[in-house]
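Heads up, this note's numbering is the position in the sequence shown plus 29, with the first residue counted as 1.
Possibly wrong hints are sitting among the right ones.
Said to hold, decoys possible - FRET-style restraints, in silico, Cβ to Cβ:
{"hint": "1", "residue 1": "Ala125", "residue 2": "Lys62", "range": "50 to 58 Å"}
{"hint": "2", "residue 1": "Arg130", "residue 2": "Lys60", "range": "52 to 60 Å"}
{"hint": "3", "residue 1": "Lys68", "residue 2": "Ala124", "range": "34 to 42 Å"}
{"hint": "4", "residue 1": "Lys62", "residue 2": "Thr131", "range": "40 to 48 Å"}
{"hint": "5", "residue 1": "Lys57", "residue 2": "Ala124", "range": "55 to 63 Å"}
{"hint": "6", "residue 1": "Arg121", "residue 2": "Lys62", "range": "31 to 39 Å"}
{"hint": "7", "residue 1": "Arg120", "residue 2": "Lys69", "range": "30 to 38 Å"}
{"hint": "8", "residue 1": "Lys64", "residue 2": "Thr131", "range": "49 to 57 Å"}
Hints in this document: simulated from the structure, not taken from any laboratory. Nothing here was measured: the structure is a model prediction, and the numbers come from that model. Where is the CB? At the ideal position from N, CA and C, for every residue including glycine.
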Amino acid sequence: MKRGHRACVDYKKKKKKKKKKKKKKKKKKKKKKKKKKKKKKKKKKQHITLHTEALNSCTYGKHHRRYEPQICSRHLIAQCSCRVLSYYQSRRIRAAARARRTMMPYNDPHNDAAQ
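Produce the entire structure from the sequences given, and follow the hints as far as they go.
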């Protein structure tokens, strides 16, 4: 006779194990090949010289006049086509433009602070 916590095992009736049903294998579907889309050719933009301030902050534009940064006078964001103009440089230009605006406020429908 067994002692301890396993002692009761002898008296219990053993349960019959149920047989597992075999699962049917599913057939794999063939994947359709996707057609590749043709890429559209981008038109080359003309490089316009705007604001010497943006030009000075762009290191690449100084040496290569073909790549001149453009500044949007409405949103005051420097966009350089050579992409050397970093986020911080464009922020600096934007901050300078903001300072210029606060010194001489003009009637702008989108600018409530100027009024």
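**OP:** For the range 49 to 57 Å, tell me whether the beta carbons of Lys64 and Thr131 fit it or not.
**Re:** Holds: the Cβ-Cβ distance is about 55 Å, inside 49 to 57 Å.
Original post:
Within 34 to 42 Å or not, the Cβ separation of Lys68 and Ala124?
Top reply: Holds - the Cβ-Cβ distance for Lys68 and Ala124, about 38 Å, lies within 34 to 42 Å.
**OP:** May I ask you to test the hint 31 to 39 Å on the CB atoms belonging to Arg121 and Lys62?
**Re:** At roughly 50 Å between Cβ atoms, Lys62 and Arg121 fall outside 31 to 39 Å, so the hint is violated.
**OP:** Could you tell me whether the CB distance from Ala125 to Lys62 stays inside 50 to 58 Å?
**Re:** holds, 54 Å
Original post:
For the pair Arg120 and Lys69, does the Cβ-Cβ distance stay inside 30 to 38 Å?
Top reply: Holds, since Arg120 and Lys69 (Cβ atoms, about 32 Å apart) stay within the stated range.
Original post:
When you take the CB atoms of Arg130 and Lys60, is the distance between them in 52 to 60 Å?
Top reply: holds, 57 Å
**OP:** State, for the Cβ atoms of Lys62 and Thr131, whether the hinted interval 40 to 48 Å holds or is violated.
**Re:** Violated: the Cβ-Cβ distance is about 59 Å, outside 40 to 48 Å.
**OP:** Look at the Cβ atoms of Lys57 and Ala124 and judge whether their distance stays inside 55 to 63 Å.
**Re:** holds, 60 Å
In summary, the structure is inconsistent with hints 4, 6 from the numbered list given earlier, while agreeing with the others.
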